[in-house]
Amino acid sequence: MKIGLEVHVQLPTRSKLFCSCPTTAESPNSAICPTCLGFPGSRPILNRRALEMGVAIAQFLQCQIADEVWFSRKTYFYPDLPKNFQITQYDSPVGVNGSCLVGGRSIGIWRVHIEEDPGRIKRVGKSGEEVSLIDYNRSGIPLVEIVTAPDLTSPEEARAFLTELLVELRHIIGTSASDEQSVRVDANLSVGQERVEVKNVQGLRNLERALKFEASRQTKMLEAGMKVIRETRRFDEERKVTHSAREKEFEEDYGYIGEPDLGTFDVGSIARSLKPIETPLRRAQRMAGHYMVDFEKCKQIVLTSMAMADLFEALAERVDPEMAMNWTLGPISSNWNTLLPLLNPPVTLDIVTVVKHVADREITDSEGRRRIGAIAAGECPTDISCAVQDSLLDSIISKYLDENPQVVKDYTTNPRAANSAIGHVMKTAQGKYNSQEVVEAVKKEIEKRKG
Amino acid sequence: MSCGLSPEKLVRLNDRHHMFAELSSDLSALQEYPPRLHFSAKDNLCAQGFQARAGSRILEGYRPPFDATAVARMRSAGRALIGKTNMDEFGFGTFCTNSGFGVPRNPFEIGRSCGGSSGGAAAAACLLEGHMALGVSTGGSISCPASFCGVLGLTPTYGRVSRYGLIDYANSLDKIGLLTRDAKDIRTCLPIISGPDPKDPTSCVQPPLALDGRHVAQVAVPEEAIKNLSTGVEEEFRKALKLLEDQLGIEVRSVSMPSLQYALSAYYVLATSEASTNLARYCGMRFGVKGGSISQHFNDFFSETRSAFFGTEAKRRILLGTYARMVGFRDRYYMKALAVRQLIISEYNRIFQDSDLVLTPSMPFVAPKFGEIERMKPLEVYQADYLTVPANLAGTPHLSLPCGYHEGMPVGMQFVAPHWEERLLLDIADRWSCAFSYQFPEAEE
Chain B
1 MKIGLEVHVQ LPTRSKLFCS CPTTAESPNS AICPTCLGFP GSRPILNRRA LEMGVAIAQF
61 LQCQIADEVW FSRKTYFYPD LPKNFQITQY DSPVGVNGSC LVGGRSIGIW RVHIEEDPGR
121 IKRVGKSGEE VSLIDYNRSG IPLVEIVTAP DLTSPEEARA FLTELLVELR HIIGTSASDE
181 QSVRVDANLS VGQERVEVKN VQGLRNLERA LKFEASRQTK MLEAGMKVIR ETRRFDEERK
241 VTHSAREKEF EEDYGYIGEP DLGTFDVGSI ARSLKPIETP LRRAQRMAGH YMVDFEKCKQ
301 IVLTSMAMAD LFEALAERVD PEMAMNWTLG PISSNWNTLL PLLNPPVTLD IVTVVKHVAD
361 REITDSEGRR RIGAIAAGEC PTDISCAVQD SLLDSIISKY LDENPQVVKD YTTNPRAANS
421 AIGHVMKTAQ GKYNSQEVVE AVKKEIEKRK G
Chain S
452 MSCGLSPEKL VRLNDRHHMF AELSSDLSAL QEYPPRLHFS AKDNLCAQGF QARAGSRILE
512 GYRPPFDATA VARMRSAGRA LIGKTNMDEF GFGTFCTNSG FGVPRNPFEI GRSCGGSSGG
572 AAAAACLLEG HMALGVSTGG SISCPASFCG VLGLTPTYGR VSRYGLIDYA NSLDKIGLLT
632 RDAKDIRTCL PIISGPDPKD PTSCVQPPLA LDGRHVAQVA VPEEAIKNLS TGVEEEFRKA
692 LKLLEDQLGI EVRSVSMPSL QYALSAYYVL ATSEASTNLA RYCGMRFGVK GGSISQHFND
752 FFSETRSAFF GTEAKRRILL GTYARMVGFR DRYYMKALAV RQLIISEYNR IFQDSDLVLT
812 PSMPFVAPKF GEIERMKPLE VYQADYLTVP ANLAGTPHLS LPCGYHEGMP VGMQFVAPHW
872 EERLLLDIAD RWSCAFSYQF PEAEE
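Protein chains in written order, with the numbering used here: chain B, 1 to 451; chain S, 452 to 896.
FYI, nobody ran anything at the bench for these hints, they're computed from the structure.
Watch out, some of these pointers could steer you wrong.
[What the hints assert, rightly or not] Capping the alpha-carbon separation at 25 Å, the derived lysine to aspartate or glutamate pairs in DMTMM-like fashion look like this: (1) S:Lys650 with B:Asp266; (2) S:Lys787 with B:Asp91; (3) S:Lys741 with B:Asp80.
[Claimed, not checked] With beta-carbon atoms standing in for the labels, derived distance ranges: (4) S:Asp751 with B:Asn200: 22 to 28 Å; (5) S:Asp782 with B:Asn200: 29 to 35 Å; (6) S:Asp782 with B:Tyr76: 18 to 24 Å; (7) B:Asn29 with S:Gly646: 31 to 37 Å; (8) B:Gln181 with S:Gln747: 32 to 38 Å; (9) S:Lys741 with B:Ala149: 43 to 49 Å; (10) S:Tyr774 with B:Glu156: 43 to 49 Å; (11) B:Glu156 with S:Lys741: 48 to 54 Å.
Predicted, not measured: the structure shown is a model, and the values here were computed from it.
Every residue gets a Cβ at the ideal spot worked out from N, C-alpha and C, and that includes glycine.
Looking at chain B on its own, in the form it has when it is part of the complex (with noise of 0.2 Å):
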């Protein structure tokens, strides 16, 4: 079987992608403007935001990108389209034959490229008495259209595919979690020889669900002897069926010019401005690969938070990288919620500490977790911070050698003159420190002052 996608996501820019009219409204045709209802006189003019986006996009998605991209007119009439062409990217994309890992495999990118999307007709009144109220807040919200080699083998796949990219496009252009409801896709599959495009699909779930059907379809007809016909259809979301659109006997012709009125843009230059980003997913795969740890584990990680992640590897750093694992999907993130808004670098060390003390077997696992939890519920760090006790060490050391100065100059004849303090220091911290720690801080400190 084979599937390939055209997936449109909506860009989040402020403003829409050739006016100055926000992308959000409250009610109906309140967003709108001359140049979005495409009234004679009006021109557009590009938001170059949305093309920062597109072109992260599609360096992301190892696209070979030209050093200048102009748009072209698509036309075709339909009442939600206000100059009946649609300003879209046709021979100038801004990124073409890129690759995207999933679940292991290489799934063809052919081309990435941006464009204007249409309102949004709502029809409404009973059966045989139906109204279609068109809204043009929709009329130039930016989407990009992102359209796979039909490397994709089954509906599964197809989902994860999808489901991994939106991942990734939330921390490259910072789209919301709502885009699993939102996302929109033209989705081609073949299960012979001949392809069927089940068309403007909404949503992830229903992605999934028109493929099977269409691959069940296929399948079925396929085993009868019949013949799959080229064609368009469309999904019934309520019947979960997909149906022939029967509209057009031939293929439409959208006779594409140049868009005249906005020139060519230097997208060579903006693509080599973008800082490189690690994306959620690619991090799981560095860490699995550079700590040696489950990948699926690393992918709970990131899907939860990078911040998250970024607590890990401090503490993979530190103690082992399986142990690291562990208490960050264990204690760790069972007080994620309250943990990450006080995160810090001072509370990350805090927490640092804590497993690495636990490591050291310094202190038990339970009261390695109780410390977590305490430090997730806010307490002060004074009373559960290691970084805080190992200071407090340091300071009853210091104290007990600045009293008595002869212990160091005994201490270089002499390595049993540091037993004095270290019995000083066990009596004074009344077992808090176990003996080695304590041996190997006066040590430390005896050398220090030696000079």
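Start from chain B and add chain S according to the hints.
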């Protein structure tokens, strides 16, 4: 009457010549303005307080909620907009006979055409002393009527004047320019309407406008351009060449520009391709004329409105342009025409290495009678533009000046300058205006 224009006289002239598609509803306010500060806008330029119908009945009732930048800049410079001038529907025509709102009549002889498509603008410029008419040229729509009505018509470099608020014919070719009796007025108004405008990105790449600093010493006359002229035009043009040499001391050189012969075909492919997409929006929804019953399939609804309200020439150009854009024809026509445009630009640049300006007659004949126009086939009408189209395709600035009179009708010549060198045209306009005496018809009937 301080501005030199009485409302009564204006209305009387308009009844006779139909140069305005719409006159200001408050003409008496004109009296407040000092002389020579009135202007008009071609009907495809949006102006608040007026409809903007671009000569088309499909835009009946469209009142734009904004001013075109050129109109706004003229108003800010203290000028009064007295009306919207008549034009061929969307600029589609050479004789101004394709308007949905009457046909303007030539100031020199009312049985003859004003030229097109800025015919109303040229007639207003000719009939009203001190008047500045904003016109628009896509393929010659300023030079042609300027020539037929005996006025000066300047078409600036493509991108010099913001197109914001211009109802598009062909966006990559449309240029807003000036028609008037007086070279000095062009010098005054060109800086007003020029300059970058963030609302039209194609206006933002222009170098600053220079008005002085270069003098015309040589002009090149392409031998291809002086074939097929009517006897009257040829005679007057030759006299003008002699005057340029003898009185202005300008060297006139004969050159060959063989690629000019492809300009007309390339122009009509590009212009109609763009026009057919621009005109897609007119469908009886949102603005302009309201379509018929909405209880039908939208394809039927759109087609009904478009069939009823577009004129014949608009329909012809939509069909031509749609055909040229179709899969399979796109490379053969549209892409090839883009290549020809580059060829024409290089041809001009080659000539501009040795000559300051290129000079031809503006039109191959004087303003024709309406009866003659009726007998012309569409292709013959298109061919009449062969002298004005090349400079428009190249986007180079050009100026049509009256250069003689044949049996009482004005003959025009057209100078073409390199991109952004409007100052050469201003120089020749000043010098020619001193050496040659313009004639204007008596305005009173």
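Outcome of the hint check:
no. : hint                               : result
1   : S:Lys650 with B:Asp266             : 20 Å, holds
2   : S:Lys787 with B:Asp91              : 16 Å, holds
3   : S:Lys741 with B:Asp80              : 17 Å, holds
4   : S:Asp751 with B:Asn200: 22 to 28 Å : 23 Å, holds
5   : S:Asp782 with B:Asn200: 29 to 35 Å : 30 Å, holds
6   : S:Asp782 with B:Tyr76: 18 to 24 Å  : 21 Å, holds
7   : B:Asn29 with S:Gly646: 31 to 37 Å  : 34 Å, holds
8   : B:Gln181 with S:Gln747: 32 to 38 Å : 34 Å, holds
9   : S:Lys741 with B:Ala149: 43 to 49 Å : 47 Å, holds
10  : S:Tyr774 with B:Glu156: 43 to 49 Å : 46 Å, holds
11  : B:Glu156 with S:Lys741: 48 to 54 Å : 51 Å, holds
Violated hints for the displayed structure: none, as all numbered hints are satisfied.
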